[in-house]
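Each chain, letter by letter, is given below.
Protein chains: 2
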Amino acid sequence: MSPKITTELLKHLRQVMKNPGYVQEPVQAYIVPSGDAHQSEYIAPCDCRRAFISGFDGSAGTAIVTEQHAAMWTDGRYFLQAAHQMDSNWTLMKMGLKDTPTQEDWLVSVLPEGSKVGVDPFIIPADQWKRMSKALRSAGHDLVPVKENLIDTIWTDCPQRPCKPLITLDLSYTGVSWRDKIVALRSKMAERKVMWFVVTALDEVAWLFNLRGSDVEYNPVFFAYAVIGMNTIRLFIDGDRMMDPAVREHLQLDSTLEPEFKIQVLPYGSILSELQAVGAGLSPKEKVWLSDKASYALTEAIPKAYRYLTPYTPICIAKAVKNAAETEGMRRAHIKDAVALCELFNWLEKEVPKGAVTEIVAADKAEEFRSQQKDFVELSFATISSTGPNGAIIHYKPVPETNRTLSVNEIYLLDSGAQYKDGTTDVTRTMHFGTPSAYEKECFTYVLKGHIAVSAAIFPNGTKGHLLDSFARSALWDCGLDYLHGTGHGVGSFLNVHEGPCGISYKTFADEPLEAGMIVSDEPGYYEDGSFGIRIENVVLVIPAETKYNFKNRGSLTFEPLTLVPIQTKMIDVNLLTEKERNWVNEYHQKCRDVVGAELERQGRHEALRWLLRETEPLAPVQ
Amino acid sequence: MSPKITTELLKHLRQVMKNPGYVQEPVQAYIVPSGDAHQSEYIAPCDCRRAFISGFDGSAGTAIVTEQHAAMWTDGRYFLQAAHQMDSNWTLMKMGLKDTPTQEDWLVSVLPEGSKVGVDPFIIPADQWKRMSKALRSAGHDLVPVKENLIDTIWTDCPQRPCKPLITLDLSYTGVSWRDKIVALRSKMAERKVMWFVVTALDEVAWLFNLRGSDVEYNPVFFAYAVIGMNTIRLFIDGDRMMDPAVREHLQLDSTLEPEFKIQVLPYGSILSELQAVGAGLSPKEKVWLSDKASYALTEAIPKAYRYLTPYTPICIAKAVKNAAETEGMRRAHIKDAVALCELFNWLEKEVPKGAVTEIVAADKAEEFRSQQKDFVELSFATISSTGPNGAIIHYKPVPETNRTLSVNEIYLLDSGAQYKDGTTDVTRTMHFGTPSAYEKECFTYVLKGHIAVSAAIFPNGTKGHLLDSFARSALWDCGLDYLHGTGHGVGSFLNVHEGPCGISYKTFADEPLEAGMIVSDEPGYYEDGSFGIRIENVVLVIPAETKYNFKNRGSLTFEPLTLVPIQTKMIDVNLLTEKERNWVNEYHQKCRDVVGAELERQGRHEALRWLLRETEPLAPVQ
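Protein sequences appear in the order of chains A and B.
First residue of the first sequence: 1, per full-length UniProt numbering; consecutive thereafter.
First residue of the second sequence: 1, per full-length UniProt numbering; consecutive thereafter.
Among the hints, erroneous ones may be present.
Which copy is meant is left open, so a pair is good if it fits within one copy or across any two.
Claimed, not checked - In silico SDA-like pairs for lysine to any residue, Cα to Cα no more than 20 angstroms straight-line:
(1) K98 to V108
(2) K287 to E260
(3) K464 to Y506
(4) K134 to K287
(5) K304 to S133
(6) K507 to G462
(7) K548 to E442
(8) K164 to R241
(9) K94 to I393
(10) K11 to Q68
(11) K98 to T310
(12) K94 to K552
(13) K397 to P3
(14) K188 to P513
(15) K365 to N346
(16) K552 to F79
(17) K304 to M132
(18) K304 to Q276
The hints are simulated quantities; they were obtained by calculation from the structure and are not laboratory data.
Model the full structure from these sequences, guided by the hints.
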């Protein structure tokens with residue numbers, strides 16, 4: 001990897017920072033955040049402005065350019081990558097290290113008195129704006145919104161914003177019609193006494209209208225906003241996508257509808273002016289509901305006294321609780337996904353010893369097997385296919401420069417998933433195609449114990465996921481080991497593979513309580529720098545648990561694994577398992593046999609079926 | 001309990017709320033919080049203003065009186081008690097229930113436009129002021145500081161502020177001299193670039209100067225403030241306590257000292273004017289460090305730009321990590337405390353069957369045995385002595401109206417502790433003096449499993465206590481049970497029995513990481529309304545743990561029980577324990593025998609020794 005040469009680009013950017021054609025007043029610093037106007041985790045190429053200006057294309061990072069300096073803040077996952085990708089114009093600010101200044105402190109230390117700091121108000125979330133603006137103001141500077149994105153003005157070959165065709169999902173996939181979702185949303189709005197709700201997150205728009213898109217890689221979403229009133233529905237979306245008869249039919253655009261279900265289609269770019277009009281027309285006590293992570297631009301469109309901001313929107317919360325149709329879809333998707341992985345692992349077992357399977361080949365093969373399954377759409381994230389020391393890089397993605405060949409001497413970690421029309425998958429298995437060492441087995445078994453501790457946990461209704469995080473670590477902690485990431489994230493239903501408002505992590509406290517129907521991942525791991533990585537990940541469904549007693553009638557919950565892919569028994573040191581843990585593995589494998597075995601049989605995949613049966617032999621009794 | 005008649009008092013209060021002799025402008029509402037000027041958990045009688053005006057004397061509650069209304073906010077522990085103690089002038093606001101308005105919302109709903117809401121600025125913490133002031137302002141009202149406390153103006157027989165003699169602690173108790181503590185504090189101040197530190201919490205003043213008092217029941221503290229500069233020490237304290245030669249000697253008031261260690265003694269009441277003078281004399285960049293829970297009055301004395309506020313002060317954090325002298329003192333205190341409890345339980349075992357031991361008698365007997373021990377000072381909190389259904393009331397304290405007789409048919413729960421000059425204790429044991437039912441044993445055993453899960457937990461350095469909370473609940477959760485309180489709190493060293501900044505609770509997130517030398521309680525429980533309560537509480541010391549591996553060289557921690565009182569084996573269903581748990585109980589009891597047995601022997605308490613030996617017989621092997 002050679003760094004991107006940015007000298008000319010920075011010169012150009014510094015010119016437009018002073019050009020009255022673009023800025024009302026010259027700005028002495030310009031902030032380039034990672035995100036798009038919807039605060040998406042995955043962004044389209046046209047939104048990769050920070051990567052364009054700096055060369056650094058990791059998933060997280062904020063660039064700030066002043067007249068003299070250019071600095072990049074990113075976290076520990078990306079220190080090495082950022083250092084490789086950026087030229088000497090850039091200073092790397094290593095977040096999380098003690099001596100690294102915050103963006104605000106750094107700005108205050110380098111800016112001349114009374115400076116203006118510019119940022120695109122559509123890209124910066126309102127809560128971040130507030131924090132940064134306050135810090136700058138208290139030091140005599142000003143954070144100012146720059147309407148035109150200054151990167152876009154110098155990015156001559158900027159790709160177009162994608163505008164791909166939409167997919168309509170019928171009731172068999174969604175369980176609830178978009179009309180009923182609107183009714184439910186309006187009832188939540190009435191409860192909170194708000195008159196308007198602004199849908200800014202792309203997956204929330206997609207979920208609400210039972211539509212999917214492919215504007216962003218891995219996330220089946222499309223660029224759009226929506227504004228829902230008590231009697232109106234406005235959808236802001238571009239292109240000829242609304243000309244598609246299937247979409248028109250789905251949204252009933254040409255039907256005679258009660259006015260409150262009539263969807264008004266408006267240009268994507270008109271959201272701000274429309275919202276400003278809404279804001280201007282509000283009567284006292286008419287509130288507008290927005291996510292507190294919505295962009296500063298949209299938030300400001302509503303006068304402060306009329307804003308109702310919450311960390312999680314009612315759509316985010318409703319979307320997290322899957323209904324019967326969605327749950328069944330997720331089950332189907334996971335069975336198909338398991339079929340593909342049984343094929344893959346069977347193939348790897350034969351091919352790895354021959355020495356020609358690289359990480360990239362294995363990842364491609366996984367995609368090939370998945371794409372053979374019904375309703376396959378695309379991958380749900382970039383496949384982490386990593387062997388030996390690469391496995392210790394938690395967010396690894398093989399590229400030609402790092403591409404390692406799988407062998408019978410190293411542990412192989414595959415974290416992958418797909419979007420099917422009926423559901424989203426995300427599964428990690430750690431395999432050895434030779435003979436693992438006693439130490440590798442020991443570490444694997446601790447991770448497995450943690451995985452089981454979460455998966456088999458029983459906990460009261462209303463428990464937040466972060467309270468389960470330590471269960472995943474306890475066996476590792478007992479031996480002085482640990483892993484430096486959370487244990488689980490919410491998973492969408494043919495939607496984003498990472499979604500809120502629930503999860504299992506020591507890092508959050510504001511997650512919403514788990515409830516039956518929510519779907520999260522359970523993925524503890526152990527990583528030894530320079531040697532190997534281990535992770536065991538299932539997607540699990542929150543279900544009611546039967547318990548002997550029922551304190552205060554609260555009811556209890558537990559998890560049901562949706563992922564049904566064998567956990568390599570060769571890697572397990574059975575003597576480290578309790579009886580209960582051994583039974584868990586055996587019952588899990590029996591279910592893999594029953595459910596995935598039947599599907600392999602149905603699909604006539606006999607060799608993979610034989611592999612499955614062999615890999616799911618019951619564990620020997622604990623000695 | 002008959003309610004306090006408050007009609008005349010309220011009438012009087014409403015008069016002074018409009019009396020220009022007391023308020024600059026009439027206030028339409030007056031807030032009476034629970035606390036004192038130091039935000040203490042336990043308060044002196046002269047500070048029980050909320051109890052005086054309302055009759056409700058629980059530990060938590062806020063009263064608000066308007067021209068028309070009087071309302072009391074308290075939490076679930078006190079709904080019943082508050083309802084009993086208050087007359088019909090008062091509306092009980094049940095916090096935590098869905099339909100209960102917040103204080104701010106309620107005020108906004110009842111106040112006439114443009115109202116003034118008064119509060120004593122010395123009693124309200126700055127962070128609460130900020131929140132309430134903002135909410136009121138956004139509704140067109142004003143929160144205003146009322147200098148003179150309006151309750152005090154109508155409380156004709158208000159008790160005097162206590163001003164009891166001080167106890168000086170030498171190095172054998174404290175391990176570090178007050179001079180060295182000042183040096184360490186100044187180095188923390190230099191690190192953060194602050195010039196002044198204001199000590200507002202009573203236990204922090206006591207700890208810093210190695211002094212103790214008895215101004216507040218159960219807490220060995222005295223009314224004082226301190227302001228530490230880089231070259232000055234000011235102690236604000238009243239009475240002739242500074243005339244005591246031992247105190248003068250201890251503080252070296254009459255010695256020739258380097259000026260930076262010369263303590264300037266000032267009247268308690270002069271803190272505000274002195275702090276205002278400090279505030280007025282600050283040069284740019286000279287910051288003043290305060291707790292963000294310090295009173296609004298003191299916080300406001302420092303201009304906003306000069307304030308450095310943190311949730312935990314450097315003294316709070318230093319105080320939590322006990323040094324070798326303190327740890328040894330805590331060990332000694334716990335051995336003495338165990339001797340007293342062995343005597344008590346031996347006595348109860350003989351006396352309970354005779355039918356004349358009430359909860360109050362048992363509590364008094366516990367105090368009697370404790371008071372026989374060396375360096376006993378007082379109890380560390382009001383003894384919770386509860387039998388049968390009273391045990392299910394988590395914060396129960398026996399009073400004549402509720403006083404129940406212990407019997408061989410009910411579970412007895414004793415949560416008690418003492419202040420010794422060398423340490424503070426807090427221990428809960430749950431006993432049955434007859435034959436417990438299988439169900440009682442089952443519940444007890446789940447609680448014990450939770451207690452052991454925390455006590456034996458191994459976790460990385462830097463782990464926050466709240467991450468251990470679920471370990472205490474897991475066995476209960478498995479059967480659908482739980483308890484509605486946290487698992488542990490920090491414990492002072494001959495100081496407050498509850499102290500920050502660490503603890504073990506699902507409710508906090510902002511606790512400081514556990515480190516070796518910190519001392520917390522481990523006290524899971526189970527409570528069945530109307531039937532019984534179970535709690536098993538040890539005070540435990542955080543110690544380094546030896547582990548097989550050492551991930552990232554972080555090191556690991558675990559707990560060592562300081563409390564050494566037998567856990568009644570009669571209550572244990574051994575078949576529900578794992579081998580590891582059974583061994584834990586046996587090893588714990590062996591330590592009780594070794595350590596407390598030797599002390600009982602030394603003190604010639606042979607009958608109690610026999611009781612101890614019997615109660616610490618090893619558990620039968622798991623079947």
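Results of checking the hints against the structure:
Taking the shortest Cα distances, K98 and V108 sit within 20 angstroms of each other inside one copy (18 angstroms), while across copies they are farther apart (44 angstroms). When the C-alpha separation of K287 and E260 is checked against a cutoff of 20 angstroms, the pair qualifies only within one copy, where the shortest distance is 19 angstroms, while the shortest distance between copies is 58 angstroms. For the identical chains of this complex, K464 and Y506 are neighbours both inside a copy (11 angstroms) and across copies (9 angstroms), given an alpha-carbon limit of 20 angstroms. In this assembly of identical chains, the alpha carbons of K134 and K287 lie at most 20 angstroms apart only when taken from different copies (19 angstroms versus 25 angstroms within one copy).
For the homomeric pair K304 and S133, the shortest alpha-carbon distances inside one copy (16 angstroms) and between copies (17 angstroms) are both at most 20 angstroms. In the homo-oligomer, the alpha carbons of K507 and G462 lie at most 20 angstroms apart both inside one protomer (19 angstroms) and across protomers (13 angstroms), since each shortest distance falls under that limit. In this assembly of identical chains, K548 and E442 lie within 20 angstroms of each other by CA distance solely across copies; the values are 12 angstroms between and 34 angstroms within a copy. In this assembly of identical chains, K164 and R241 lie within 20 angstroms of each other by CA distance solely inside one copy; the values are 7 angstroms within and 81 angstroms between copies.
With identical chains, the CA atoms of K94 and I393 are at most 20 angstroms apart within one copy only, with a shortest distance of 17 angstroms there and 51 angstroms across copies. Taking the shortest Cα distances, K11 and Q68 sit within 20 angstroms of each other inside one copy (10 angstroms), while across copies they are farther apart (68 angstroms). Taking the closest pair of Cα atoms, K98 and T310 come within 20 angstroms of each other only across two copies (18 angstroms); inside a single copy the shortest separation is 31 angstroms, beyond that limit. In this assembly of identical chains, the alpha carbons of K94 and K552 lie at most 20 angstroms apart only when taken from different copies (19 angstroms versus 48 angstroms within one copy).
For the identical chains of this complex, K397 and P3 are intra-copy neighbours only, at 19 angstroms inside a copy versus 70 angstroms across copies, given an alpha-carbon limit of 20 angstroms. When the C-alpha separation of K188 and P513 is checked against a cutoff of 20 angstroms, the pair qualifies only within one copy, where the shortest distance is 18 angstroms, while the shortest distance between copies is 39 angstroms. Only within a single protomer do K365 and N346 lie at most 20 angstroms apart by alpha-carbon distance; the minimum there is 12 angstroms, versus 73 angstroms between protomers. Taking the shortest Cα distances, K552 and F79 sit within 20 angstroms of each other only across copies (18 angstroms), while inside one copy they are farther apart (50 angstroms).
With identical chains, the CA atoms of K304 and M132 are at most 20 angstroms apart both within one copy (18 angstroms) and between copies (18 angstroms). For the homomeric pair K304 and Q276, the shortest alpha-carbon distance inside one copy (12 angstroms) is at most 20 angstroms, but the shortest distance between copies (35 angstroms) is not.
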